[in-house]
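J.: Got chain A sorted already, so can you dock chain B with the ligands onto it with the hints?
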Amino acid sequence: MAYIELRNVSKSFGTGKDKTEVLSNINLTIEEGEFVAIVGFTGSGKTTLINLISGLLMPDEGQVLFKGEPVTGPSHERGVIFQNYSLLPWLNVRNNVGMAVKEAFKKMSKKDRNKRVEDYVEMVNLSPAIGKLPKELSGGMRQRVSVTRALSMSPDVILMDEPLSALDALTRGNLQQEILKIWNKDKKTALLITNDVDEGILMADRIIPLKPGPKATLGPEYKINLERPRDKTALNSNDEYKRLRNSIIEYLIQIGEQRSSKKETTYTLPEIKPQIKSTPFRRLSFS
Amino acid sequence: MKDKSINILNFIGLGFFEPAIRLASGEETKKNLVALFKKIVLPILSVGLFLLLWSAGSSHLYNIEKEFRIEKAFNERGEAAARLERSCIDSGSKDCQITTLPSPSQVWVAYKSLLADHASISAKKDAFAEKVAATNVKRAEQGLDAITYTGRPSFVDQIFTSLKTVFAGFLLALFIAVPIGIMLGLSESLRSSVNWLIQILKPVSPVVWLLLVSMIVNTLGKNSDGDSSFTISFISVGLCAMWATLVNTSMGVSSVDKDYINVAKVLQLNIGQKVFKIILPSSFPLIFTGLRITLSVAWMVLIAIELLAQSPGLGSFVWEEFQNGANDSNSKIIVAMFVIGIIGFLLDRIMLTIQKFVTFTEET
Ligand SMILES: Nc1ncnc2c1ncn2[C@@H]1O[C@H](COP(=O)(O)OP(=O)(O)O)[C@@H](O)[C@H]1O
Ligand SMILES: [Mg+2]
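Top line first, the protein sequences correspond to chains A and B. With our numbering as the guide, the letters of the first sequence map in order to residues 1 to 287. With our numbering as the guide, the letters of the second sequence map in order to residues 1 to 364.
Okay, chain A solo, but in the shape it has when bound:
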């Protein structure tokens, strides 16, 4: 039985003339312990897709199943790392994480909860900043808090919505490794939304492109049969890696061109900051 399953899922926003069908006929299955990455252009509906799985949104048509049961709303079993951190600005790191721990482990004693918060903050090397407010943290640190908050609830699945898109290349690389390390520890099922093909290849077992909307559907999947742990620099000279990378990018360029030839679509500039080129290849980022 599939762990997460989307069956013919469609989702639109608005009514009447303003109605836009964002996602159309999405089919996706994720097995337990799998790490799946989805790449796609800005506005194609990636956040909508992850919200459907987390239960923040309900599909108009089709079904979202989690462990065989229809998803009816958010649940602690599915942790979410939001696109823009979504930390509560009036709470410090301890309390942002603490709030999640308190909700997920209602019966736990206060002392144990505190310990759990501290352990998880330690895990992402943020102990010195535990008393700080989000505004006092750098982007990378905020994202670490966001990751910690999601993981501290001990979810069965971790849903990540472009968690690293807003970070500079160096911080991004570090956090990729950290997330992988944590994932590797108990092999939780993970869904990663990303705008970076390299990131997807480095982290995931499978990459699935999301075609540009409206009426976005999933493209063909690419299995990543590279051995873990994967090393970024070593990968650059790996033939399988090069082949995968090229075919995914080619596919994305092709559907990108299809999109630009469609009249009604609008262009959106990628919402990413300039990045240091961390690989000798031409680096293509999609968002």
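These are computed hints drawn from the structure, not numbers from a lab. All C-beta atoms, glycine included, are put in the ideal place defined by N, C-alpha and C. Among these hints, one or two may not hold up.
Stated by the list, open to error - Among chain A residues calculated to face chain B with C-beta under 10 Å, some are:
hint: 1; residue: S12
hint: 2; residue: G55
hint: 3; residue: L56
hint: 4; residue: M58
hint: 5; residue: Q83
hint: 6; residue: A100
T.: Chain B with the ligands only, in chain A's frame:
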């Protein structure tokens, strides 16, 4: 130490002293001299210019009034009377004092006389309290009310009465507007159903609120004796001033960032937790801005309301002086004007400081 005191000054809104401190510690002399000039010297100059214009204006008005009187005496009673009038005015005698816009120095004199008056009244009060202390103890044993001083209040007493009224009105506004604002913010249908009512009531003048409140309070208070003017004035102040808080609270609550709402959903907070842990904290900056406006409106309408309601305070002080028409009445009114302005400014500063203390800022 230096940076700490600068931070404190900035925090309580006295940041304009910053260049003076930096200068004193010999830091970037030239840059700080310019800043000092801009932030301290120029404001002082402008105050000086204001005083200059004021005293020129008042002496001009004085002359107009004076010439008018002499002319009048001449036309009515002849040249000798006119000469007499002129010398009487020039001698500064009380019989033919000219009342017009007082000069800065007259106002200063009036200010000092008000302080002296306060000192003598407090002395009287203390003496009275001492005299009746023994009697009051006895009365208390017999279950009677204590005898209190009932003489004329001093100017400083009036200030405190006004502050008390404005504070009571502000608290009333707070306890009405914030809960209602939260409810309106949470429910869109509630919001749209009372929207018209709010839009219509919001611009109603303080005077009308006062009349309305006194209609109600006078009827309700028929059986109870005692002075209802304080009740009437603080309720009116509260009702006039609460709208900013009401509107801001409902706006803040209804426009909470969708991301935070999503966090609440993912954490599966219940409705109470959602309100107290997510919605209220995130709308706090807006609520507080509303409260600040409420306090300054309350202080502004208070004077008018006290004046009309005949309840003790700065407003009735101004009104009594205006009717009294003594030599220095006009000067005292101007003193009251400055006191009202300065207190209003201080109240706003206090609110600003509290606001900085209790609300978060999203970015640095
Ligand atoms: N709540 C909403 N109401 C109306 N339109 C929405 C809403 N959420 C998303 N959309 C629209 O759906 C499309 C996909 O959005 P989103 O899923 O956020 O894209 P992505 O995350 O891939 O950038 C966009 O065109 C966006 O304008
Ligand atoms: Mg998105």
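J.: Each hint: holds or not?
T.: So, going through the hints one by one against the coordinates:
no.: 1; hint: S12; result: violated, 18 Å
no.: 2; hint: G55; result: holds, 8 Å
no.: 3; hint: L56; result: holds, 6 Å
no.: 4; hint: M58; result: violated, 12 Å
no.: 5; hint: Q83; result: holds, 9 Å
no.: 6; hint: A100; result: holds, 6 Å
Violation of the numbered hints given earlier is confined to hints 1, 4; the remaining hints are satisfied by the structure.
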